[in-house]
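Assemble the complex: chain A is given as a structure, and chains B and C must be docked to it using the hints.
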Amino acid sequence: MTLPIANIEVLYPLMFACAWGLLVLTVEMFSLSRRFVGIGWLSALGLAAVAGISLSGQGAGEVFAGAVALDAFSVYFYVLLSVLAIFAVFLSMDYVPLAGIIHGEFYPLILFAVAGLLVMVSATDLIVMFLGLETMSMAVYVLAGIRKDELRSNEAALKYFLLGAFASALLLYGIALIYAITGSTVLGSVANAIASTDYLAADSLVLMLGVGMLLAGFAFKIAAVPFHLWTPDVYEGAPTTVSAFMATAVKAGAFAALLRIVLVALAPVMPDLSWLMWVLAASTMTMGNFVALRQTNVKRMLAYSSIAHTGYLLVGVTAATAEAGAAVLYYLAAYGVMNIGAFGVLAALTRRRHALQEISDFAGLGQNRPVLALVMSICMLSLMGMPPLAGFVGKFYLFTAALEAGYTVLVVIAVLNSVVSAAYYLGVLRAMYFQSADAEEYSPRPYLNFAVTAAAAVTVALGLAPSPVMGAASRAFSSIILGP
Amino acid sequence: MLEFLNGLAAANPEVPGVLLRVAGMLAFGALVVFVFILPVAGITSWVERRVWARIQSRIGPNRVGPGGFLQWLADGLKNLLKEDVIPQAVDEPLFRIAPYLVVAGFVAAFVAIPFGGSLIIADLNIGILYITAITSLVVVGILMAGWSSNNKWSMLGGIRSATQIISYEIPLGLTIFPVVLVSGTLSTQGITAAQGWAPHTWHMFHNPFLLVSFLLFFVCALAEGNRTPFDLPEAESELVAGFATEYSGMRSLLFFLAEWGNLYVIGALVATLFMGGWQVPRFTDDPTLLAVAQFFTIFLKAYFWVFVAMWVRATLPRIRIDQLMALCWKYLVPMALLNTLGTAFFMVLFPEGSLVVRIALVAVVLAIIFVFARRVRFHLARARGLGYGAV
Amino acid sequence: MSPYLFYPLACLTIAGALGVVLNNNPVRSALSLVATLFLLAVYYIALQAHLVAALQIIVYAGAVMVLFLFVITLLNLSPDPADRTSPLFGAAALGSALLLAVVLGRALWATTLPGAANTPLPEGFGTTVVLARQLFSEYLVAFELTSILLLVAVVGAVVLAKRDPSPADMDAPAPGREA
Numbered sequence: 010m011t012l013p014i015a016n017i018e019v020l021y022p023l024m025f026a027c028a029w030g031l032l033v034l035t036v037e038m039f040s041l042s043r044r045f046v047g048i049g050w051l052s053a054l055g056l057a058a059v060a061g062i063s064l065s066g067q068g069a070g071e072v073f074a075g076a077v078a079l080d081a082f083s084v085y086f087y088v089l090l091s092v093l094a095i096f097a098v099f100l101s102m103d104y105v106p107l108a109g110i111i112h113g114e115f116y117p118l119i120l121f122a123v124a125g126l127l128v129m130v131s132a133t134d135l136i137v138m139f140l141g142l143e144t145m146s147m148a149v150y151v152l153a154g155i156r157k158d159e160l161r162s163n164e165a166a167l168k169y170f171l172l173g174a175f176a177s178a179l180l181l182y183g184i185a186l187i188y189a190i191t192g193s194t195v196l197g198s199v200a201n202a203i204a205s206t207d208y209l210a211a212d213s214l215v216l217m218l219g220v221g222m223l224l225a226g227f228a229f230k231i232a233a234v235p236f237h238l239w240t241p242d243v244y245e246g247a248p249t250t251v252s253a254f255m256a257t258a259v260k261a262g263a264f265a266a267l268l269r270i271v272l273v274a275l276a277p278v279m280p281d282l283s284w285l286m287w288v289l290a291a292s293t294m295t296m297g298n299f300v301a302l303r304q305t306n307v308k309r310m311l312a313y314s315s316i317a318h319t320g321y322l323l324v325g326v327t328a329a330t331a332e333a334g335a336a337v338l339y340y341l342a343a344y345g346v347m348n349i350g351a352f353g354v355l356a357a358l359t360r361r362r363h364a365l366q367e368i369s370d371f372a373g374l375g376q377n378r379p380v381l382a383l384v385m386s387i388c389m390l391s392l393m394g395m396p397p398l399a400g401f402v403g404k405f406y407l408f409t410a411a412l413e414a415g416y417t418v419l420v421v422i423a424v425l426n427s428v429v430s431a432a433y434y435l436g437v438l439r440a441m442y443f444q445s446a447d448a449e450e451y452s453p454r455p456y457l458n459f460a461v462t463a464a465a466a467v468t469v470a471l472g473l474a475p476s477p478v479m480g481a482a483s484r485a486f487s488s489i490i491l492g493p
Numbered sequence: 560m561l562e563f564l565n566g567l568a569a570a571n572p573e574v575p576g577v578l579l580r581v582a583g584m585l586a587f588g589a590l591v592v593f594v595f596i597l598p599v600a601g602i603t604s605w606v607e608r609r610v611w612a613r614i615q616s617r618i619g620p621n622r623v624g625p626g627g628f629l630q631w632l633a634d635g636l637k638n639l640l641k642e643d644v645i646p647q648a649v650d651e652p653l654f655r656i657a658p659y660l661v662v663a664g665f666v667a668a669f670v671a672i673p674f675g676g677s678l679i680i681a682d683l684n685i686g687i688l689y690i691t692a693i694t695s696l697v698v699v700g701i702l703m704a705g706w707s708s709n710n711k712w713s714m715l716g717g718i719r720s721a722t723q724i725i726s727y728e729i730p731l732g733l734t735i736f737p738v739v740l741v742s743g744t745l746s747t748q749g750i751t752a753a754q755g756w757a758p759h760t761w762h763m764f765h766n767p768f769l770l771v772s773f774l775l776f777f778v779c780a781l782a783e784g785n786r787t788p789f790d791l792p793e794a795e796s797e798l799v800a801g802f803a804t805e806y807s808g809m810r811s812l813l814f815f816l817a818e819w820g821n822l823y824v825i826g827a828l829v830a831t832l833f834m835g836g837w838q839v840p841r842f843t844d845d846p847t848l849l850a851v852a853q854f855f856t857i858f859l860k861a862y863f864w865v866f867v868a869m870w871v872r873a874t875l876p877r878i879r880i881d882q883l884m885a886l887c888w889k890y891l892v893p894m895a896l897l898n899t900l901g902t903a904f905f906m907v908l909f910p911e912g913s914l915v916v917r918i919a920l921v922a923v924v925l926a927i928i929f930v931f932a933r934r935v936r937f938h939l940a941r942a943r944g945l946g947y948g949a950v
Numbered sequence: 002m003s004p005y006l007f008y009p010l011a012c013l014t015i016a017g018a019l020g021v022v023l024n025n026n027p028v029r030s031a032l033s034l035v036a037t038l039f040l041l042a043v044y045y046i047a048l049q050a051h052l053v054a055a056l057q058i059i060v061y062a063g064a065v066m067v068l069f070l071f072v073i074t075l076l077n078l079s080p081d082p083a084d085r086t087s088p089l090f091g092a093a094a095l096g097s098a099l100l101l102a103v104v105l106g107r108a109l110w111a112t113t114l115p116g117a118a119n120t121p122l123p124e125g126f127g128t129t130v131v132l133a134r135q136l137f138s139e140y141l142v143a144f145e146l147t148s149i150l151l152l153v154a155v156v157g158a159v160v161l162a163k164r165d166p167s168p169a170d171m172d173a174p175a176p177g178r179e180a
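So the sequence lines, in the order shown, correspond to chains A, B and C.
Just remember that this note's numbering sits 9 ahead of the position in the first sequence, which is counted from 1.
Just remember that this note's numbering sits 559 ahead of the position in the second sequence, which is counted from 1.
Just remember that this note's numbering sits 1 ahead of the position in the third sequence, which is counted from 1.
To be clear, the hints were calculated from the coordinates, so they are not data collected in a lab.
Since the model is a prediction, treat every value here as computed from it, not as a measurement.
Be a bit skeptical, because a hint or two may be false.
Where chain C lies over chain A, by a calculated footprint (3+ residues, C-beta under 8 Å) [claimed, not checked]:
no., stretch
1, 50-56
2, 105-117
3, 152-159
4, 214-227
All C-beta atoms in this analysis are idealised placements derived from N, C-alpha and C, irrespective of residue type, glycine included.
Chain A on its own, in the form it takes in the complex:
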């Protein structure tokens, strides 16, 4: 008996990420300091290496025993996820001691969550994708509740875990039903099997039920209405850097997996399901934006804003053209970086074990901490979609592609939503620059400051020179549609 070791290079980034997680877990046991800064550096190093390995492994081979593909799409997300995770790690290096997190497993869990995400984005088999999703979720459940002495953190973990387990069950049931009909869990074979049947006929109801459950499970993970209810509570209760990781990397990974499923496995069904995506997109962004208007807590506001952005991204999934797909990929990168910046500023405002989260807490930030205020402004404006920042470019690509695909009404809704969103994003700016408060002294937080400044810089850079990332995004997207 021989093992199928052909193409094992495909697995190198994944294997490295898992192995590095184990290594950090082991090293962490011997960590003398409770600040775990060295462990953070070690994690960041590993994540950078993952990005490097996946870049160098591009084109090494495509599929490993039909389970994992290292195509341009995977590589794009490997790099994106590694970068976002490095940001989260840098934010955490100051935030972990500030928030009173005493568990050195924090960083290994982030690494395992990244490993799970990597599996999700590169899986070409529903079961492998599910396993990646569960690995990621399991790590994030724990990360959300890692501050055991904090009630909100407990609440966040419990809520996320219970609802997440429910969503996973739905997802798995959906996979089972799809397997029952198509006889395969490999994305390509599923597509072929669906294409060869009359899937709208009455005797394929089980298939549609499976597809519905699968989409519901993913809708939970990307926080789309009506599966979004956990988001504000979890983002609010989880440690801020974990919220940052969840809002950016986890969302990007879930979207990548969703894109693969929707555009590869379910490609034959999608023309008849685009109305569903349409409704999801419209309701998600409208709900997110309008509820965000009423929030006084910035973390909750960002959570609703993240729901709204899920809606914008779903516009691209609805359109499902090559341009729209590439725009989704680009937008995920832009959204990730600017959101990291926003959450990073929140983390930077943490006092010892006490997070400053209300909008009123931002008063006077413009005078007292001009750099942080500038970063926050850039991120808010970018999230709003102000040119020439990354958020604007992303929305521009996204909406143009949707218009070309003929979804005029949806685009109008999206644009109106962007206008509405200006109200709450600008509310933060107003508090920072037009209200005053006494200056407080802060301890130096070099890693946090570096990370948020870098995030803001990348946001500006992505807006001014979008073409390299956009090019990579469109190559990546075409690799799953048209093959290598």
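Same frame as chain A, now just chains B and C:
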């Protein structure tokens, strides 16, 4: 067995085959229970009491029948005729069901235990896994008994039992792995067939790791069967009678029946997995005679280990719960894992096994037995010299 | 699978599942779940998946459920006073259950499953050897990933369940303390 039933089904096409097969299985199962399991469990109770008595310089039951041999029947009859007391505060349905579950768990294990080359109820291809699975259900019955009794001691007994069985199931399963690795099958008949009648062909002498596995298996099996020194769930001195405190009459006897019957299961498993099972030299061509010889071979091997378990019970004190857990998780589990890995390495080095290693191991074991016997003789002689009565 | 086996078994399984939901007493609920899971193993046996059946019993009925029972008995929960939940809740639960049953039933009724035809099983179906070969070839990635998943779950459980060091230890040098 199955062939016979299939033939019966073919002869009576008007009766659904499944019903016939189920009925046949039930009848055969009842036969096995009444002709083999009940007497063996009962007689074991008499043997156990006599053995302890001998070890503790007492006489033990000797009134009913020759040498007290019929004591078990008398006890059984007495308990059958006793009132079945159901205390008022118990959770009645669960309280009633619990003993049956415990008995069912160990009786079901007999399905895959071989009594001879052709004497097995069903040669499942997952035999040994089936036995570990089905015996793990016993713990549900014990927990049920402990909880439904609505009594502190019962409850503590039930919880201790659950802790113990769940924990020791892991090293137990891990010590079976090396055997499965060596014989390449999970079927109990296949495992027996992979060994010979001569001691050096037994699995326990295949390599040093398997020898250790064999010892670990016996220890874990004792713990799984709630036997001393691991009988915490029914520790008389602390918990009255543990999970069985509130039970009386036949229900209480059922727990003891399960314990004694389980002893035989443990012995038969040790014999099958590590000691060649029913393998006998092919001294005759008569299949009946061979089957009888095979039956007695495995019976004697199994009963030897039943005797050792009694011996241990009469010799060793009970250990504490924290010691029990520490022993399992800190020593047995890592050792069992090492054994699995070691056996795998050994099989890579010697894919066909090594005769030299086998003979060396037999020699080592013989030497240990020799030294042990000499010490026992020495101590006995010294005790006599010191005048400790009729030892 | 013979109908003489299937229908009685199905009735028992459903009875067990109903017992889980309808019992007020958590221990009885958990025991019903044990029975249900055990009965599921019987289906696997009838479908020639012996190894899966044994694993089902060992893992679910044997280990997971015993831990459940263990926790429930340790907590010594009293029976749930049923009147705490409003009848509206019960009606909603019943309604959605019925709705799900109707949708699933309708879908399954109309669908001809490709595996439903009585095709002969491949050689050695359900045996350990065949299963192991599949696990270590076609499903190798999934198999290895499962071990990572379990490891993460173990690490997470330890993080959440481990007793924290005393507050004195936690108040190590605090550079983040505000002025």
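Violated constraints from the hint list, given by number and in increasing order: 1
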